[in-house]
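Mind docking chain B on chain A? Use the hints.
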Amino acid sequence: MSAPFYKFGLFGDEASFIIAFVIGIGFGFFLERAGFGSGRKLAAQFYFRDLSVLKVMFTAIITAMTGVYLLSRLGMMDLSLVYLVPTFLVPQIVGGLLLGVGFVIGGYCPGTSCVSAVTGRIDGMVYLVGMIAGLLGFAEVYPYVQNYAHMTPMGQITLAKLFNLPYGLLVFAVVLMALGAFMAAEWAEKKVGGKEPDPKGSFIARPWRLTPVRILAMGLAAAGFVALVAGDPYRGSHATIDTKDLAIRAGSGADSIQVGQLADWIIQGRNDFKLVDLRSGTDFAAYHIPTAENVPLASLTPDFAAHNEKIILCSEDGTQAAKAWFLLEAQGFKSVYLLDGGLRSWQDMILFPKKSDKTDEAVFDRQMQVAKFFGGTPQAEGTSAPASVAVALPQVAPPAQPAVSEPAAAKVQPKKKKEGC
Amino acid sequence: MIALTALTELTVSRHNPLVDPHLHIWEWQIPVYLFFGGMVAGLMIIAGVRLIALRPQQREALVCCTIGPLIGLFFLSLGMFTLFLDLSHKLYVWRLYTTFQITSPMSWGSWILLLVYPALVANALAHLPEAIPALAKRFPILVTVSDFILARVQWVVGIGVANVMVGIALGIYTGILLGALGARPLWNSAVLGPLFLFSGLSTATALLHGILVITTPDEERPAFADFLLSALAQLTQARPLDKNVGPVLARADNSFLTIELALLGLFLLGHMTSTGIHQQAASLLLTGSYGAVFWVFVIGLGIVLPLVLQSLELQNRIRHTIAPVILVVFGGIALRFILVYAGQESHWFQALN
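So the protein sequences, as listed, match chains A and B. My numbering applies: residue 138 is where the first sequence begins, and numbers increase by one. My numbering applies: residue 245 is where the second sequence begins, and numbers increase by one.
With the rest of the complex left out, here is chain A:
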């Protein structure tokens, strides 16, 4: 069981609505209990008198961030399937400023205005009506501002990618930033608002006892520290996609999968990718990489797979796959990869790896095992590749499950030996 549950098909639309309802009720309840149904309390943060909003929101951010990070790192969640809103820098800065102005004037942000409205506050209801009117108005004028709204596209960017920093370092930095902000907020509340910190919920007030708030802060800091040393939470390489970015990406080769990596994945029985074989049906029938699906280039319509699914394209030498790569990118598929070198490379490096002087013994042993698993034969130094590759290829694709694959590999092996001689 791996998150995100919805994207892994653990439940459908109906169940997700019910879960959304439960989460929404919980969210509203805690916002209300935190006092965020009151416009006075919300507006007080702009005067530095009461910074609870900052504290609550920053706590939510770092809790979610460390939680998502740790779950991904433990393999319980695939971060690459979590939806990221694409960034359009200038329009989003303008939008953020507009939202802030609305927040200062009206005293609410969208979520808190709902809380305020349902708890019977007239100003909340008026705000909600205004917000809905604004949404409708924006929808009406959208066609005219569309070009502007799509200015300065940066794709689905994260801070880690933008600054080219290790993901874990960024997690740790944000946690530290949040804890610093909490202390600064308390200081500001005392200086500007004249609010004496409540010892129960305070960071900096004496006595220096281990209150629940401090324990929580230490826990978050510890989680951030773990992130610092635990590495990247993404599974394998992951690239952001944007049409303007496409040309650069195509040139960089960052979105190709090495045959060795693919072989490892198949042996591990991983099923979080879709291996697509683009060759003709007869070629596919003669041999294909285990778990591959035969999809002709023309059938690559936008609905042939889920857009967030990891797709690995392979063809004879890679040209067909490259065409398909552009096709799928243009259709908005989020993670499309090329099998580097295509099936030819697969043959040379996986099925019939060659031993040369430079090859390390241990490495070759491993290559031999991999080759055996896929029904191939390692080649000794100097022997040329089999003249007729088509005949040399294993006729039966071994199943993906390692347990079952052993007898299957054994069954086809004698035939290969005969060919090798």
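No lab work stands behind these hints, which were simulated from the structure alone. All C-beta atoms, glycine included, are put in the ideal place defined by N, C-alpha and C. Check the hints yourself; a few may be wrong.
Said to hold, decoys possible - Here are a few chain A residues that sit away from chain B, every Cβ distance over 10 Å (derived from the structure): (1) Ile155; (2) Val193; (3) Leu208; (4) Ser339; (5) Gly356; (6) Ala435; (7) Met486.
What the hints assert, rightly or not - Short derived list, chain A residues pointing at chain B, Cβ under 8 Å: (8) Glu151; (9) Phe154; (10) Phe158; (11) Gly257.
Unchecked claim - If you want the ones that stay clear, here's a sample from chain A, every Cβ over 12 Å from chain B, calculated: (12) Ala157; (13) Gly161; (14) Ile162; (15) Pro228; (16) Val255.
Then chain B, alone, in the frame of chain A:
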């Protein structure tokens, strides 16, 4: 051979028009009518019980025994109007009253509805002058009628019993109307009768509670909200409101909601332990295309959340507000809409799929 082909087409592909019955023929009118019918049934039962159980001095009759039946009359008329809108041959509606068919829920319904009006009117008249003095001043006959009724204990008890009996009949009938139809597996359960009765009782109790909350003077309420409510406030100036009725209504509503929840459970349990067709019908609500709306609007917002809110109100942890009232009323509407729509989607052919 031709006959065989035709038979194949009829039974297998069923492409011919009118071979399959047109399955979705009830639209918004029916659930709206069922909702108002159930609510009026609840209002009648509450008014009747208070008329029977309490002495005139204790009765504090305003909300339950006068406003309740008056609103009941209005809502019943609205409901009957939507029912009338649904009729294909509107001019022949009088023919329903030329016969009584003991096996037809529709026939039972039309006659019960005819009895509801006099029972409600009698109930309202009993306490009308003390509830709305202005009206009594203008029409002195109201005082005469009220005095005449209140002077005779057996009349008061008779009106009360009539209200309770007709109310129960009306509430159960709205469920049996659906439940008696075997062609829709989802509806085919006798539990629908008591389910709609208790749902009607809970919406009626919630409505009365809401009226109490709104008409209670409140310093925290902005002036213009009070201005909007001034029409109702005028009515209530005649005498102090039944303050202690509020908690009673909240407690009663909690009981009704709990029973409704249990009956919903029994209803679904009955289906889930029945044939595959019934299981399929129940799964329309539990996991199928009506799953989200059923769990969110009927169970979550319509029953569980108001139960929690009203429990907190009864423990004096939060103020009495109209929030649970709105939730219960919309939950009642949602229950009827979802059952009527999902029921029409459930049919015996689905077992083949």
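message: The hint names Phe158(A) as touching chain B; please verify it with the least Cβ-Cβ distance against 8 Å.
response: holds, 4 Å
message: At 10 Å, judged by beta carbons, does Ile155(A) keep clear of chain B as stated?
response: Given a closest Cβ separation of 5 Å, the condition is violated.
- request: Verify that the Cβ of Gly161(A) lies farther than 12 Å from every Cβ atom of chain B, and report whether the claim holds or is violated.
  value: Violated, since 9 Å does not exceed 12 Å.
Minimum Cβ-Cβ distance from Ala435(A) to chain B exceeds 10 Å: Non-interface label on Ala435(A) holds, nearest chain B Cβ at 32 Å vs cutoff 10 Å.
query: Are Phe154(A) and chain B close enough, Cβ to Cβ, to be under 8 Å, as the hint says?
result: holds, 4 Å
query: With d taken as the least Cβ-Cβ distance between Leu208(A) and chain B, does d exceed 10 Å?
result: About 26 Å separates Leu208(A) from the closest Cβ of chain B, which puts it past 10 Å; holds.
field: Least C-beta distance from Val255(A) to chain B larger than 12 Å
entry: violated, 7 Å
- prompt: When you look at the beta carbon of Ala157(A), is every beta carbon of chain B farther off than 12 Å?
  reply: violated, 9 Å
- prompt: When you look at the beta carbon of Pro228(A), is every beta carbon of chain B farther off than 12 Å?
  reply: The assertion about Pro228(A) holds, with a minimum of 33 Å to chain B.
task: Say whether it holds or is violated: Met486(A) keeps its Cβ farther than 10 Å from all Cβ of chain B.
output: The claim holds: Met486(A) sits with its nearest Cβ about 48 Å from chain B, beyond 10 Å.
field: Status of Ile162(A), Cβ more than 12 Å from any chain B Cβ
entry: Nearest chain B Cβ is 7 Å from Ile162(A), so the label is violated.
query: For Val193(A), is the shortest beta carbon distance to chain B beyond 10 Å?
result: At about 22 Å from chain B, Val193(A) clears the 10 Å cut-off, so the statement holds.
Checked against the numbered hints given earlier, the structure breaks hints 1, 12, 13, 14, 16 and satisfies all the rest.
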